[in-house]
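Novice: Chains as they are written, first to last, in this note's numbering: chain L, 1 to 111; chain U, 1 to 78.
These are computed hints drawn from the structure, not numbers from a lab.
A virtual CB, placed ideally from N, CA and C, is assigned to each residue, including glycine.
Do not rely on the hints blindly, as some may be mistaken.
Claimed, not checked - Simulated DEER-style distance windows between Cβ atoms:
(1) L:S111 / U:K45: 41 to 49 Å
(2) U:E4 / L:Q4: 34 to 42 Å
(3) U:G64 / L:D56: 27 to 35 Å
(4) U:E43 / L:G95: 20 to 28 Å
(5) L:S111 / U:K13: 39 to 47 Å
(6) U:S74 / L:S111: 28 to 36 Å
To be verified - Covered, in the sense of this in silico footprint (three residues per stretch, anywhere, with C-beta under 8 Å from a C-beta of chain L), are these stretches of chain U:
(7) 44-51
(8) 64-71
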Amino acid sequence: MTDQTTQMIQSTIDENSVVLFMKGSKEMPQCGFSSAVVNALAYLEVDFKDVNVLEDGELRDGIKVFSDWPTIPQLYVKGEFVGGCDIVKEMFESGELTDYLKEKQIPHKNS
Amino acid sequence: MAMEQSEIERLIKASLPDAEVEIIDLAGDNNHFSAHVTSSTFEGKTRIQQHKMVYDALGDKMGGILHALALKTSIKKD
């Protein structure tokens with residue numbers, strides 16, 4: 001992975017409180033797993049930066065190296081890797097995601 | 001591309017010998033599975049670490065020939 005890709009990823013997660021590296025965009029997710037995370041964030045009324053990895057092959061592979069996580073989507077909050085679809089869904093369903101957003105002082109529904 | 005259910009189970013158990021593995025073929029196409037893995041080795045690990053242990057067991061298959069694996073992990077209590 002090039003330094004340029006690494007720097008692009010790092011600056012994106014530094015400059016945006018909530019970032020979702022995904023397939024497609026928040027308006028048009030192009031993968032069921034990405035769509036599931038977009039829906040969870042939308043339900044909780046969380047504003048987030050969407051990054052479409054399908055537009056950049058280097059980024060699509062680089063993000064997996066960056067986080068040492070083999071799949072897309074990948075959710076970051078305050079620069080920290082939260083998880084992929086399974087983990088975000090599990091956190092959402094258990095209410096843990098709401099607690100986590102509160103802890104990280106991320107504006108969301110009922111906050 | 002697809003992967004046999006038994007192969008997924010074999011790879012996971014090779015890395016996590018005490019693991020109980022329940023796999024469901026979600027779409028009947030050997031390409032979209034859900035797996036529930038229970039192991040005592042998950043004790044004290046975050047969910048991300050637990051999932052990484054399973055992904056590491058699957059090696060380069062995960063995200064490669066194994067397109068979709070909905071994963072759930074649980075700690076086995078003796």
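Novice: Hint by hint, say whether it matches the structure.
Specialist: Results of checking the hints against the structure:
1. For the pair S111 of chain L and K45 of chain U, the beta carbons lie near 29 Å from each other, so the given range of 41 to 49 Å is not met.
2. Taken as a hint, the range 34 to 42 Å holds for the pair E4 of chain U and Q4 of chain L, whose Cβ atoms sit roughly 39 Å apart.
3. Our hint of 27 to 35 Å for G64 of chain U and D56 of chain L is violated, since their Cβ atoms are close to 19 Å apart.
4. Take E43 of chain U and G95 of chain L: their Cβ atoms lie about 23 Å apart, and the range 20 to 28 Å holds.
5. At about 43 Å, the beta-carbon gap between S111 of chain L and K13 of chain U stays in the expected band of 39 to 47 Å.
6. Taking the beta carbon of each, S74 of chain U and S111 of chain L are about 30 Å apart, inside 28 to 36 Å as hinted.
7. Only residues whose C-beta sits within less than 8 Å of a C-beta in chain L count toward coverage, and the region 44-51 of chain U has 3 of them, enough to reach three; the restraint holds.
8. Interface restraint, the region 64-71 of chain U with chain L: holds (3 residues with C-beta to C-beta distance below 8 Å; minimum three).
Violated hints for the displayed structure, listed by number in ascending order: 1 and 3.
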